[in-house]
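Undergrad: Chain order of the listed sequences is A and B.
Counting with the numbering used here, you get residues 7 to 385 for the letters of the first sequence.
Counting with the numbering used here, you get residues 1319 to 1965 for the letters of the second sequence.
Don't read these hints as lab results, they were simulated from the structure.
Keep in mind the model is a prediction, meaning the values are calculated, not measured.
Keep in mind that the hints are not guaranteed to be accurate.
[What the hints assert, rightly or not] Here are some of the chain A residues that sit facing chain B, going by a computed Cβ distance under 10 angstroms:
#1 F189
#2 Q252
#3 A254
#4 A305
#5 M316
#6 L325
Note that beta-carbon positions come from the ideal geometry of N, C-alpha and C, so glycine has one too.
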Amino acid sequence: MSYLEYNVKTVPAGLRKVLYVNWPLIVLLTAVAAVGFLMLYSVAGGRIGVWAEPQMKRFAVGIVGMLMIGFVPIWFWRNVSALAYLGALALLAAVALFGEEGKGAQRWLDIGPVRLQPSELMKVGLVMMLAAYYDWLDIRRTSRPLWVLIPLLLILVPTFLVLKQPDLGTAILLVAGGGIVMFIAGVSWWYFGTVIALVAGLVFGVLESRGTDWQLIEDYQFRRIDTFLDPGSDPLGAGYNISQAQIALGSGGWGGKGFMQGTQSRLNFLPEKHTDFIFTTLAEEFGFVGAISLLSLYALILFFCFASAMANRDRYSALLTYGVAATFFLFFAVNMAMITGLMPVVGVPLPLVSYGGTAMIILLGAFGLVQSAHIHRPR
Amino acid sequence: MRRSPRDAQESARRIGRRAMVLGGAQAAAMAVLALRMRHLQVDQADQFRLLADENSIKIRLLPPARGLILDRNGALLAGNEQNYRITITAEDAGDVEAVLSRLARLLPLTPEDLERTRREIARRSPTLPITVADRISWADFSAVAVNAPALPGITTEVGLSRAYPLGADLAHVLGYVGPVSDYDLSKLDDPDPLLQIPRFQIGKVGAEARLEAELRGRAGTRRIEVNATGRVMRELDRKDGEPGAVIQTTLDHRLQNYVQARLGADSAAAVVIDVTSGDILAINSAPSFDPNMFVRGISGPEYRALTEHDHRPLADKSVQGAYPPGSTFKMVVALAALEAGVIRADETVYCRGFTELGNRRFHCWKSGGHGHMDMTRSLEQSCDVYYYEIAQRTGIDRVSAMARRLGIGMRFDLPMSAVSEGLAPDRDWKQRKYGKGWLVGDTLNAGIGQGFVLASPLQLAVMSARIATGLAVEPRLIRAIGGAEVAAAPPPSLGLNEDHLRAVRRGMIQVSNSQRGTAYSSRVVDETMRMAAKTGTSQVRNISAAERARGVTRNEQLPWERRDHALFVCYAPAEAPRIAVSVVVEHGGGGSTAAGPVARDIMLQALAGGLPPIEAYPESQRNRIEAERRALPLLPPEPPGGGKSRA
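Could you build the full structure based on these sequences and the hints that come with them?
TA: This is the structure in structure tokens:
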């Protein structure tokens, strides 16, 4: 379906759009963000100005941005999808050339007052691009090899650039996110089976490449894999993050140590306590109950996205919504899996909770697209 | 693109199907996450909680304040003063050398200080604070505190450090504290964790060492939360330790000060005791040293100066010194003879200047002889021949038994270092010690307190007190511990015949009150403070025949270390004794000239509770005495109403 097929009269216009906004989604996003404010206040030792306040301001900007994006008709976004993707790709390339180094990785781009992380932008751009591609593609060709190769390249080119930064976490998210959109779009199971087999082979290859001159990933990434497999082997060195995170998590117990009472996080035993590892503080201070509550909030966000997508007969809207939801899922699932020791440590923040410059605004922008799809769905 | 309705339906159906699969997979992943959290947070919570506590909670010891030592009136003898010190924690410092060199620009640090710090850092855990500089001035302390940001790992601390306000006056009796050494640790079987604190101060000698258990107190603990770098974030709880017990001694700090000043630079010792309670009012050894030097950490040259000094300032001669008591032993022999019934007090012995034993002559100090001597006169003039005679009649075993009854050859349990037992020799002892039989000549020598007999100044003071009272007075140094009086039973009687005692006392009174008495020049003219006394001069060695041939016949002509010891014992007031004093001046020459005047001054000071009226002294001596008094470096007079103010 294209906008030409819409019965324009049934699509809300002007201020009436406010009534059609997916309000439960906004409430849930705000609730998750509020948890984030609380935790940022706590890890800053009860100071609001350090992390919580900038985060609140960013959230406000993000919500306004989300509504603005949401009020723009979805067909506009579909038409600019390719542009968004190419723009993000150009920025990624620019980062590789002029980017600013931070913590040993080149991820940032300074554009005037804004410090931009193009890889964040690419997560949304890729989902938009793939959704637009599959909307354009005749569904009968979906599983034809040539038509599978094109989205594969669309995914792998930015992934390659991100890996070069190097940012393994984002690379995994891009591949997985793009793959999920392809999966939803209906690409044959066989391809996925093949890819999984290939990935297994690749993992083997990567591990084999260690120490050779064609080594595929960085040493620090190897070490992270090592410590993931056996965190106890070096509890004060590379395994420190994992050990301390699990101590924080476990010591929270059923009900937690109480707000601002987490010893692990407040006493700096935790690394990156306000960004990637903020979940440990939540789990330490509010225990299993708090952790499950946040997980439930995330699950509800997914649920409302899925519900919106299910009810949407527009292929682009549905694919986009699933894609955004899947990216969001990957964010928090990878982060939580990493902290609970189910996955090696990769730098993935907890969406809407971790302190992060562009990540939150871009994520809310992505939910703006979901809102646009929701508001402008064919009725 | 525009699709046919069939395609559109097919698309929606396919998307819906795949979405169900995706949603299912996501739900499964979330379930796995939830189960994992449950596993960590519920099933293994206790284990992790323990780990978290170990991570962040540390126990630090709070060193207790060391118990104060007071004099009998509550004046402070040993206290604690605030001590500013600088410590370095190697781990926080990072570049230790750079930090130390920056610190050295702020503080007057000696190369030894720096060397010692480096050694300690190398030896101990990098997380332990090491003291760089101790007892620094407030100015230096604040200079470091202000520059703290430029000195990572450097901490300024205020601790307590031992201080002896009277310095050298009580150095021997109190001893001193010092940082616990590895040697101490190896020697002590003491599990007290306090000893593990670097440079924790423990008693090293004297009362500080002997009363360590009471003075140390119990460590408090502080549970603190530290962050990952070991910095203290907050205190969780604090169990204050118990400060060490306050110990009240029997000493009188003013008298102690006076005695020390009066002994001056001589190598001497003096003991002042209360004749009925046995309370030691003053116990001094001279020359002395400043115990604060040891607390601070004594330097090599300072220490060498003390150990190489021929007057041995570090030795506590008052209890460690064992001297032949010389003529001060004659009361023992007299009492032994009277009790044995081998002589009556009014019986006389003829002195012709010597007595012969076989082919050996035993000389009296007065070569012309004293003529007929009864007991009183023999004491008064210290006739040796009389005592050769009665010692021989009594026999060494009975003499020594009497010596022990009066305290010589007995170890008194005082909390001081190396308290000497002295020696009251008898036949068994000589057999055991030398494998030789006792000779009559040994008895004769013992009869005048020479030969094998040895007594410490403390024992001589106790002997005087026992003769003065007839009671088995025990010396004591500690009056109260932690506010609880140390029980002192009234001393039992010695069981000596009161007539015999009176005869001996009569002789002692004559010594310093009769014109012919050996200590007449040390008499007291004030009737209420008259002394009973006995002089003693004990030979370090005989003047050799070679020396005699060179014309050396007088003590003063000998080198200092070979001159006689001068001894003096006394109690007063003669009619109602309160105080007993013993004075030994090593290599001082005659007891009457070197020790007597000192003992008299001390006695009068003790009786008067301050400087005695000059009228107590014979008129002819008053000018000299007053001049001597002015020259003494004494404490400033007590402020009115004061006394406890310093405690």
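Undergrad: Indicate, hint by hint, whether the structure satisfies it.
TA: Results of checking the hints against the structure:
no.: 1; hint: F189; in the structure: holds (6 angstroms)
no.: 2; hint: Q252; in the structure: holds (6 angstroms)
no.: 3; hint: A254; in the structure: holds (7 angstroms)
no.: 4; hint: A305; in the structure: holds (6 angstroms)
no.: 5; hint: M316; in the structure: holds (6 angstroms)
no.: 6; hint: L325; in the structure: holds (7 angstroms)
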